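Q: Chain by chain, the residues:
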Amino acid sequence: MTDPVLATHNISKQFGALKASDDISLTLRPGEIHAIIGPNGAGKSTLIAQICGTLAPDSGRVELMGRDVTALTTRARAQAGLGRTFQISALAMEDTVLQNALLGALGARGGAFAMFRRALSDTNLRDVAMMALERVGLADEASMRTSDLSHGQRRQLEVAIALTLNPKAFVMDEPMAGMGAEGSAKMTGLLDELRKEAPILLVEHDMDAVFALADRLSVLVYGRIIATGSVSEIRANKDVQQAYLGEDA
Amino acid sequence: MKRETLINAALLLGLLLVPLWAYVTDEPFTITLATKVAILALAGVGLNIALGLGGLVSLGHAAFFGIGGYAMGILASHAQSYTPLMESPFLIEGTKSMPVIWVTAILASALAALVIGTLSLRTSGVYFIMITLAFGQMLFFFAISWPAYGGEDGLSIYVRNGFPGMNTLDPIQFFALCFALLLAALWFSHRLANAPFGLALNAARQSPARVETVGLSPFHLRLIAFIISGAITGLAGALFADLNRFVSPNMLSWQTSGEIMIFIILGGVGRLCGPVAGAALFIALEHFLGGLSEFWHIWLGLLLLLVVLFARGGLIGVLAGRQVAHD
Numbered sequence: 001m002t003d004p005v006l007a008t009h010n011i012s013k014q015f016g017a018l019k020a021s022d023d024i025s026l027t028l029r030p031g032e033i034h035a036i037i038g039p040n041g042a043g044k045s046t047l048i049a050q051i052c053g054t055l056a057p058d059s060g061r062v063e064l065m066g067r068d069v070t071a072l073t074t075r076a077r078a079q080a081g082l083g084r085t086f087q088i089s090a091l092a093m094e095d096t097v098l099q100n101a102l103l104g105a106l107g108a109r110g111g112a113f114a115m116f117r118r119a120l121s122d123t124n125l126r127d128v129a130m131m132a133l134e135r136v137g138l139a140d141e142a143s144m145r146t147s148d149l150s151h152g153q154r155r156q157l158e159v160a161i162a163l164t165l166n167p168k169a170f171v172m173d174e175p176m177a178g179m180g181a182e183g184s185a186k187m188t189g190l191l192d193e194l195r196k197e198a199p200i201l202l203v204e205h206d207m208d209a210v211f212a213l214a215d216r217l218s219v220l221v222y223g224r225i226i227a228t229g230s231v232s233e234i235r236a237n238k239d240v241q242q243a244y245l246g247e248d249a
Numbered sequence: 001m002k003r004e005t006l007i008n009a010a011l012l013l014g015l016l017l018v019p020l021w022a023y024v025t026d027e028p029f030t031i032t033l034a035t036k037v038a039i040l041a042l043a044g045v046g047l048n049i050a051l052g053l054g055g056l057v058s059l060g061h062a063a064f065f066g067i068g069g070y071a072m073g074i075l076a077s078h079a080q081s082y083t084p085l086m087e088s089p090f091l092i093e094g095t096k097s098m099p100v101i102w103v104t105a106i107l108a109s110a111l112a113a114l115v116i117g118t119l120s121l122r123t124s125g126v127y128f129i130m131i132t133l134a135f136g137q138m139l140f141f142f143a144i145s146w147p148a149y150g151g152e153d154g155l156s157i158y159v160r161n162g163f164p165g166m167n168t169l170d171p172i173q174f175f176a177l178c179f180a181l182l183l184a185a186l187w188f189s190h191r192l193a194n195a196p197f198g199l200a201l202n203a204a205r206q207s208p209a210r211v212e213t214v215g216l217s218p219f220h221l222r223l224i225a226f227i228i229s230g231a232i233t234g235l236a237g238a239l240f241a242d243l244n245r246f247v248s249p250n251m252l253s254w255q256t257s258g259e260i261m262i263f264i265i266l267g268g269v270g271r272l273c274g275p276v277a278g279a280a281l282f283i284a285l286e287h288f289l290g291g292l293s294e295f296w297h298i299w300l301g302l303l304l305l306l307v308v309l310f311a312r313g314g315l316i317g318v319l320a321g322r323q324v325a326h327d
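Going down the list, the protein sequences come from chains A and B.
For the record, in the first sequence the residue sitting at position 203 is 203 according to full-length UniProt numbering, with numbers rising by one throughout.
For the record, in the second sequence the residue sitting at position 303 is 303 according to full-length UniProt numbering, with numbers rising by one throughout.
Derived by calculation from the structure, the hints in this document are not laboratory data.
Computed from a prediction, not measured in an experiment: that's the story for all the values here.
Heads up, some of the hints might be wrong.
[Claimed, not checked] Okay, the calculated bits of chain A under chain B, using three or more residues with CB under 8 Å as the criterion: (1) 111 to 117; (2) 200 to 207.
[As the list claims (entries may be wrong)] Here are some chain B residues the structure puts well away from chain A; computed CB gaps all over 10 Å: (3) F141; (4) V211; (5) I298.
C-beta atoms are modelled at their ideal positions from N, C-alpha and C, and glycine is treated no differently.
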């Protein structure tokens with residue numbers, strides 16, 4: 001079997017008496033979408049924060065491309081190839097869509113200390129940014145102010161910025177959150193294609209999307225992964241039905 | 001051409017024509033007022049890079065303004081008394097040369113901004129405001145208690161410093177120097193805002209988490225912006241001291257920090273020529289209302305209140321409308 005692109009080894013994190021992450025080990029293999037599902041408060045956001053470096057685990061390791069990145073900052077992990085999208089869009093709202101995408105391209109280039117060149121005249125940067133916008137279907141909106149975008153378009157822009165980084169692995173925190181059926185379907189199609197470029201660790205509440213996309217699923221309940229497997233395995237799993245999917249599964 | 005560009009051009013042209021007209025009609029005091037506007041606008045252009053672009057509400061920019069002022073005062077006072085600044089380990093003499101004084105003021109205030117920024121940029125919000133204020137006050141009291149350079153009384157120089165090939169004692173020529181420096185700073189700040197650095201700094205103000213996620217450091221971006229900002233304000237301080245031929249701890253006081261911030265708020269936070277509009281308005285109010293009553297600050301306060309409540313984009317915002325994204 002191929003080596004995982006991204007892996008956590010026995011990550012634990014405790015807040016007071018609450019075990020937010022309890023000995024979590026998971027892997028993200030090349031070409032796959034690995035979805036993490038779980039009820040509210042299961043510790044999904046805490047897990048993402050530890051993978052992306054905004055929160056340090058009490059114990060355990062995070063590995064990217066076989067390299068231990070547990071001690072690295074968010075910034076260093078981004079440089080090492082982790083492309084993250086946020087649950088609540090974290091965009092520069094006053095700037096144009098293109099400027100937001102350019103920011104990613106700048107980061108990918110490794111620095112933003114040029115003070116005299118016009119950012120928008122830099123064809124290299126611009127090409128990277130425009131290509132990413134085209135990928136997500138926002139090319140026509142490039143010169144719009146980001147605050148004028150619809151909710152769904154903002155989610156697409158989140159993905160576009162992650163794309164400009166040309167990451168080794170995507171970590172996406174609820175990319176479908178708050179989207180209508182049409183937007184969800186569009187995003188599902190996009191993610192389906194993106195997995196060929198880099199595997200995606202997907203945290204998502206939209207079960208239709210998860211079942212359509214995921215190669216593997218992990219179910220997180222009270223900070224523990226109670227099951228990992230293919231969609232059909234998870235559907236058949238009694239513990240999961242009891243703990244999470246409930247009566248309608 | 002965009003509307004804001006036209007307004008900016010008209011504003012700068014006005015700032016140029018008023019003293020020229022005063023020169024023709026032989027009213028040197030008006031030239032001095034215009035020079036004051038240009039210098040204070042320059043200080044505002046400096047703060048605007050930190051405040052407008054970087055979102056760093058610094059209430060300590062008087063520190064840089066004062067350091068620039070004292071750089072002028074100390075160098076010039078040694079030159080006029082023919083005593084060297086220091087003799088060991090190497091000899092440093094005073095100078096009356098503006099270019100040397102300007103470079104010294106820029107370097108000294110940049111260094112101060114590096115130190116102050118490194119410590120205060122680890123905080124944000126109210127704490128950042130308070131720490132920058134504290135640093136400003138430290139320097140203020142240091143200047144008061146330093147008798148070698150006048151202490152509380154400040155430091156006078158007899159003759160304005162010189163610039164090669166110009167007669168700086170002639171008000172219009174000194175104005176020309178200050179105006180040229182203001183234009184240079186505006187041009188630089190315009191380039192900076194549109195460069196990758198400005199893009200990233202602006203994004204760090206709006207969404208620091210995003211900037212980190214693409215692998216850039218908000219702290220480094222802000223620190224460099226703070227240093228550039230302090231350096232420009234420091235240069236303005238050297239010019240201001242030269243205009244008055246006097247520097248005192250007053251330049252370092254927190255009221256000065258507040259005034260520089262008021263220029264920006266009146267003119268428009270983050271707008272290229274906001275500080276120019278704000279400084280011009282401030283000086284005009286001080287001149288005309290100050291002539292009517294010494295309590296003219298009441299009216300300034302009222303105006304500031306109106307701007308904050310009803311015209312967040314300041315004067316430029318009212319005239320040019322909502323800020324168009326840089327393109």
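Q: Does each hint hold? Answer for all of them.
A: Results of checking the hints against the structure:
no., hint, result
1, 111 to 117, "holds (count 7)"
2, 200 to 207, "violated (count 0)"
3, F141, "holds, 35 Å"
4, V211, "violated, 7 Å"
5, I298, "holds, 34 Å"
When held up to the earlier numbered hints, the structure conflicts with 2 and 4 and fits the remainder.
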